[in-house]
Amino acid sequence: MKAQILATVASAALLAGCSAAYGEDIETMAEANTDTAAIPAGTGYFAADSTLPFKTPDFSQISEEDYVPAFEQGMAIQKAEIAAIIDNPAPPTFENTIVALEKSGRMLGRVTRVFFALTGSNTTDRLDDINTEISPKLTAHGDSITLNPELFARVKAVYDNRAAMTMTREDAKLLEDTYDGMVHAGALLSDAEREQVKAINSELSTLTTEFSQLARAAMNDNPVLFDSREDLAGLSDSDIQAAADLAAENGQPGKFAIALQNTTQQPLLPSMENRAAREKLFMASYHRADGRMDVDTRMLIAKIATLRAQKAALFGEADWASYAMWDRMAEKPATALGFMEQMVPALAATQRREAAMLNEAIAADGGDYEVKPWDWYRYANRIKAEKYDLDEDAVMEYFVLDKVLEDGVFHMAEKLYGLTFQRRTDLPVYHPDVWTYTVFDRDGSELGLFYFDPFQRSSKRGGAWMSNFVDQSHLWGTKPVIYNVLNIPKAPEGEVQLVSFDWVNTTFHEFGHALHGFFANQKYESLSGTATARDFVEYPSQVHEMWATWPSVLSNYAKHYQTGETIPDEMIAKIEAAAKFNQGYDFGEVVEAALLDMKWSALSPEEAAAIDTPEKVDAFERKSLEELGLEIDLVPPRYRSTYFNHIFSSPSGYSAGYYSYLWTEMLDRDSRQWFIDNGGLTRANGDHYRATVLSQGGTMDYFKMFENFAGRKPNVTPMLAARGLIAGEEAADSEVSDGALPAENAQ
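Under this note's numbering, residues 15 to 761 are what the sequence shown spells out, in order.
Read the hints as simulated data drawn from the structure, not as lab findings.
Every residue, glycine too, gets a C-beta built ideally from N, C-alpha and C.
Do not take every clue at face value.
Claimed, not checked - Below, computed lysine-lysine pairings styled on BS3-like, alpha-carbon distance capped at 25 Å:
id, residue 1, residue 2
1, 151, 212
2, 613, 637
3, 537, 317
4, 386, 637
5, 401, 588
6, 594, 386
7, 187, 537
8, 151, 93
To be verified - Derived CB-CB ranges, DEER-like:
id, residue 1, residue 2, range
9, 624, 432, 52 to 62 Å
10, 308, 143, 11 to 21 Å
11, 472, 399, 30 to 40 Å
12, 456, 633, 54 to 64 Å
13, 90, 174, 29 to 39 Å
14, 143, 205, 33 to 43 Å
15, 446, 380, 47 to 57 Å
16, 587, 348, 34 to 44 Å
17, 587, 722, 42 to 52 Å
Using the sequences and the hints given, assemble the complete structure.
Put into structure tokens, the structure is as follows:
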């Protein structure tokens, strides 16, 4: 999701937002009477903007050997640009310091966006090697900007004079963010402390890059082998054939292999009839990267946690969470923890109640065992099918991927926002499976360019996300070029590409991120589109999931792949009713992961340093999960620490931030209620949401943004009711003004 933009260099606070064309920089600095002779010129593909429509990358002209020279040149150019700002003899002003800083580093921005897009979605051994080499250099380069005392002196001079300046709201936010970002990076520390921060940042960059690569290898390089077709009884013929093909590709002809996916639970488990085979697949997923096989990330985790705690201590913070949450909507760890912990009693009771129900189903099936995680979804799905008469395989037959996207997602965007789309095949793509569309705005003008990369492959990390190849900016006159990446298992050649309803939901979700980017209306890239707080950015994407089952949208795309029949209303009613079933697991694994993240982020330097062996990493994870009071042996977290990419695969990433998915779900569910109360899928509602939320980027206070949309503060009860944790009649109006969950909802 995103939300993944330049995650690898996120610790360089200004680097991601500072991107300007070399030629345009010369003009700007000349206006500021600054000598530009020392600014070098770039060479190679990334030296100038692409000549393709929307300045989209020309992948046909980029080779793997272009990246290292481009990174080195991009850093050298930006370093010279920063020197020109510092050496400017004119007094510091908003234009010659803040805007000049915003404009710096455009070549570096171009190569960074393309490179990290490919290392996430279509990497190679060479790209991985470059990533290992370049990530610490990028971190050091970012630190050379954010921790430069001479540059900060100019920024501070402008900031201190802000009361006497006339600025737009966006100008004021850019100034505030620039100053606060440099302070957060360490600008107010002593020289010795800044050097310590630089060393920590460099080491974190190296360690987190290694973690990311090892976690991907643990998933992609270790398919689970089975000896016979009988082991896979219950799977479809196409799934079994895919397993045979994968085994052959891995040098095991005659056997069967199932590729792991990024979450602890695995999607094929519910269909597998052989309990021993289920356990084998689940345990391979659960124990990946913990030393049981050939990958072990535990000491990397220990080192990362220690370095983060040490860095936080340099800033006078008690722990990494307190340091990392400085720019969040929730702001403080206690707010996020209080929000989550008050859900635990009802959630734990739900887990126990559902486990008892599953054990009854197992006994009725003749089983002489109690439910384990590898059994959970098989029996939960069976009960759900009986309770709601819902056949998941039959549901899939109504969801053909191209129709989901073009007749579903795009249709929603047309009705809600007036957008139209045109498929194009004239632009180079980074993989043959990528689809490309021009997006047209409500007035018929070109809004941007959209890339859709739907299929799972070994060169792609797990999950789904959105990011930009080109950011929207009025300063540069650029329109957004956005990509969505998913991991849908690809149908065998010649077969119709059906998708599960979960992937339907994810497709709507990720395009919600894309809309957040397409509707960006900012002058500055660093405030544009999805450049928002970690615990806000998932909110607009989650809201758009509601339209997946909106009747007029659904009837337009959900048609049986053989008969063309529209999905029956009663089937959708069953899907929606069943959505509240199994929340003990579905919701529990997310809450556990979010709380586990906070436990790792709440360590003091001394506590973190004491976790100095792989066994202590295991023990800390176990103790942390047990303290939650949830049924962790029945419902493990969505990600164990050893493959928790969200929190350990970049210097900051989602660390102390995985709670964001829950926090933004609160905003999402409350917003869904607003849409329903105000007429649903209408242009008026879409235009209002676009004006108050989607077009605002990171330019204003997030509570204020929500209030501008909904006319009130966010309310937590729609989320609790939607999850089935409280009944509708129990839901009381409970506004959330500062992120604290009201006590009356601690049920």
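Evaluated hints:
no., hint, result
1, 151 x 212, "holds, 11 Å"
2, 613 x 637, "holds, 10 Å"
3, 537 x 317, "violated, 40 Å"
4, 386 x 637, "holds, 20 Å"
5, 401 x 588, "holds, 9 Å"
6, 594 x 386, "holds, 21 Å"
7, 187 x 537, "holds, 11 Å"
8, 151 x 93, "holds, 13 Å"
9, 624 x 432: 52 to 62 Å, "holds, 58 Å"
10, 308 x 143: 11 to 21 Å, "holds, 19 Å"
11, 472 x 399: 30 to 40 Å, "holds, 33 Å"
12, 456 x 633: 54 to 64 Å, "holds, 57 Å"
13, 90 x 174: 29 to 39 Å, "holds, 31 Å"
14, 143 x 205: 33 to 43 Å, "holds, 34 Å"
15, 446 x 380: 47 to 57 Å, "holds, 48 Å"
16, 587 x 348: 34 to 44 Å, "holds, 41 Å"
17, 587 x 722: 42 to 52 Å, "violated, 34 Å"
Hint compliance for this structure: hints 3 and 17 are not met, and every other hint is.
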